[in-house]
Amino acid sequence: MKQNVLFVQGNEACVEGALYAGLNFFAGYPITPSTEVAELLSYRLPAKGGKFIQMEDELSSMCAIIGASLTGKKTMTATSGPGFSLKQEAIGFAVMTETPCVVVNVQRGGPSTGLPTSVSQGDVMQTRWGTHGEHAIIALTASNNQDIFAMTIEAFNLSETFRSPVILLLDEIVAHTREKLVMAEPGEINVVERLHTSVPEGTDYHPYLPREDGRLPMSDFGGVHRYNVTGLAHDMWGFPSNKPEVVCELMRHLVDKIEGHTREITRVKEFYVHDADCLLISYGASARTALHVVENRRERGEKLGLLELQSLWPFPAEVVRKRCASVNFVIVVEMNMGQILHEVKAVVDERSKVFLANKIDGSFITPSDVLDILRIIQGKGA
Amino acid sequence: MPVRDYIRERFFPHLWCPGCGHGIVMGSMIRAIENLAIRKNDIVVVSGIGCSSRICGYLDFHTLHTLHGRALAFATGVKLSRPELTLIVPMGDGDAFAIGGNHLIHAARRNIDVNGIIMNNNIYGMTGGQYSPSTGYGDLATTAPYGNIDPPFDLVKLALGAGATFVARTTTYHVTSMIKILEKAITHKGFSVVEVLSQCPTYFGRKNKFATAVDMMNFYKTQTTPIGSKEKDKNPDLIERGIFIQEERPEYCAEYAKVLETASQGG
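Those protein sequence lines, which keep their order, are chains A and B. When we follow this note's numbering, the leftmost residue of the first sequence carries the number 1, and every step to the right adds one. When we follow this note's numbering, the leftmost residue of the second sequence carries the number 1001, and every step to the right adds one.
Be a bit skeptical, because a hint or two may be false.
The calculated lysine-lysine pairs, modelled on DSSO-like cross-linking and capped at a C-alpha distance of 30 Å, are [said to hold, decoys possible]:
hint, chain 1, residue 1, chain 2, residue 2
1, A, Lys48, B, Lys1207
2, B, Lys1189, A, Lys48
3, B, Lys1207, B, Lys1157
The following residues of chain A were derived to be distant from chain B, with all beta-carbon distances above 10 Å [claimed, not checked]:
hint, residue
4, Lys51
5, His176
6, Thr366
Partial list, computed: chain A residues near chain B (C-beta under 8 Å) [unchecked claim]:
hint, residue
7, Ala27
8, Pro46
9, Ile53
10, Ile65
11, Ala68
12, Leu70
13, Thr71
14, Phe93
15, Gly222
16, Val224
17, Val229
18, Gly231
19, Tyr272
20, Val273
No lab work stands behind these hints, which were simulated from the structure alone. C-beta atoms are modelled at their ideal positions from N, C-alpha and C, and glycine is treated no differently.
Work out the full structure: start from the sequences and follow the hints.
The following block contains the structure:
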């Protein structure tokens, strides 16, 4: 069969993935370097009967996709840096109300307005803890168009499966890199649809009473069950409660439903890891550089391997610990001051063998940036 | 249906203070809906944060209690996704005109068919009596111990200026008129703003020389007048009530349906 091959930007691959996954409502606000996502969807979504709206600000676009999701739609917004900061309160609302939705954050240099057109991976920790209060979150990332397409679909699937907002953490380099994308045929990649309640009309439906497997079947707004959704701590009816036992159960549920399924959520790619004595750990655009270094050194007989993280939160501690255990040293390659480095150090047995190769000036991390660190570790001087 | 069929008795008693006007607004809203015979499954109530917003929990509709100021943004998502549903958005004055002011003017500009009901008690009640954008000049509040120097918004003028196609003001004293106005607002195709002056005896009244809720309702009775009445000529300080504007302009979801039509034909 003839393949459907596109030559597109990463932001376009994200749009293709979202449409494949069944996106039918998008709200957004223009911001570099994510704007192409909104531009493309304003054209593509109405053509398939979906809804696109450019809202008055970043906050309202996050709120609008939550509202639309409650009516049964698959929804998404896309933003960058400052816009991601502005969305945090509403992301917490989606966490608390367990409303599925996908938030794309194309990272750019920060803090503040920072470097609007330059690359960064400085939002890793904001993705984890950006909204206030104890909670768990799911975040995926990708290093090339094919993976952006796949991870966008995964983001929708995980958001439906776990009734949680899912952050798709891209960066300026992957979002604007133009490269090949082989489109999947319909049915080729699994698409998870919303789990609806089987409770019949006229029978009490408890929107926040988890089933035995921890999942909460939904009922669409406008359907036959009328219930309350609130950002306040709530009971199984969705009615506000501050009873300690109710709140405790809710908090444990919100965290456990994600942290307790870390293995299921974990997405990694492994390159030459089995006999490696030096392991690079990287993600997003940085992983492209890391892979180049690994393959280049392999040609010279050096045993380097790469563990590319495609899910950042919940942190894939198990696979990181396992892969790090068998190597002499580890280099985390990222474009920040070590946000994933600290996570890696927290889970390995020997913290002193973990090093950082990074770039924080808005320019892309290059193989020589990684090799400089490698040479120091190998005692060959800078 | 009797009024009790529209409420969730399971969650009573409500949390509003004795004498609060918000229950009167809730009762009027229910009666307007009953008179219009709209099915409960077709109504979505979206609120923000504050005393007014707690109305959501008590009503037996699809109810969404959201973030401070953002009710209209959530409601826009619901409405655009399911245009056939009736959207009612109760807000407070702080909710609608301070933290959520941007969403109010843009909902008005779009003319999306959402019904905003602003329960204006001139104070932040839930947090204990701080001045709001509708607190009068010189009024006292916990954050204005020397008297408020912020000039208040005229909520009606703001809504009119932003392009709302239905704008009305009423009070908790004028219940029969409030019910009629709410019916017209809900029936209106487009964004509607109904400001309801609703007393807060606990935090506004106590600080501003209103001994009781009855005194405050008496104020609404004596210090408001129907739009265009001659009383206003004699006493310019009187607050006008009634429907200020009711006009037809293309509604947002209807316009979006045209976009869908064009797009489905290949642009």
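Each hint, compared with the structure:
A distance of roughly 57 Å separates the Cα atoms of lysine 48 of chain A and lysine 1207 of chain B; the hinted pair therefore is violated under the 30 Å criterion. Taking the CA atoms of lysine 1189 of chain B and lysine 48 of chain A, the gap is about 26 Å. The hint holds against a cut of 30 Å. In summary, the hint linking lysine 1207 of chain B to lysine 1157 of chain B is supported, as the alpha carbons are separated by about 27 Å, within the 30 Å threshold. With a least beta-carbon separation of about 5 Å from chain B, lysine 51 of chain A fails to lie farther than 10 Å from that chain, contradicting its non-interface assignment.
Chain B leaves histidine 176 of chain A outside its interface by the beta-carbon criterion, the shortest separation being 25 Å against a cut-off of 10 Å. With 10 Å as the threshold on Cβ separation, the claim that threonine 366 of chain A sits away from chain B holds: the shortest Cβ distance comes to roughly 42 Å. Against a cut-off of 8 Å between C-beta atoms, the interface hint on alanine 27 of chain A holds, since the closest Cβ of chain B lies about 6 Å away. Restraint check, proline 46 of chain A versus chain B: the minimum CB separation of about 4 Å is within 8 Å; hint holds.
Nearest Cβ of chain B to the Cβ of isoleucine 53 of chain A: about 6 Å, under the 8 Å cut. The hint holds. The interface hint given for isoleucine 65 of chain A is met, as the beta carbon of that residue sits about 6 Å from the closest beta carbon of chain B, less than 8 Å. For alanine 68 of chain A, the interface hint holds, since its Cβ comes within 8 Å of a Cβ in chain B; the closest pair sits about 4 Å apart. Because the closest C-beta pair between leucine 70 of chain A and chain B is about 7 Å apart, less than 8 Å, the hint holds.
At its closest, the beta carbon of threonine 71 of chain A sits 4 Å from a beta carbon of chain B; the interface hint therefore holds under the 8 Å criterion. Interface restraint check for phenylalanine 93 of chain A: the shortest CB-CB distance to chain B comes to about 6 Å, inside 8 Å, so the restraint holds. Hint status for glycine 222 of chain A: holds, given a least beta-carbon distance of 5 Å to chain B, under 8 Å. Because the smallest distance between the Cβ of valine 224 of chain A and any Cβ of chain B comes to about 6 Å, under 8 Å, the interface hint for this residue holds.
A least Cβ separation of about 5 Å between valine 229 of chain A and chain B falls short of the 8 Å threshold, and the interface hint therefore holds. Given hint, glycine 231 of chain A at the interface with chain B, holds; its Cβ is 6 Å from that chain's nearest Cβ, closer than 8 Å. Interface restraint check for tyrosine 272 of chain A: the shortest CB-CB distance to chain B comes to about 46 Å, outside 8 Å, so the restraint is violated. Given hint, valine 273 of chain A at the interface with chain B, is violated; its Cβ is 44 Å from that chain's nearest Cβ, farther than 8 Å.
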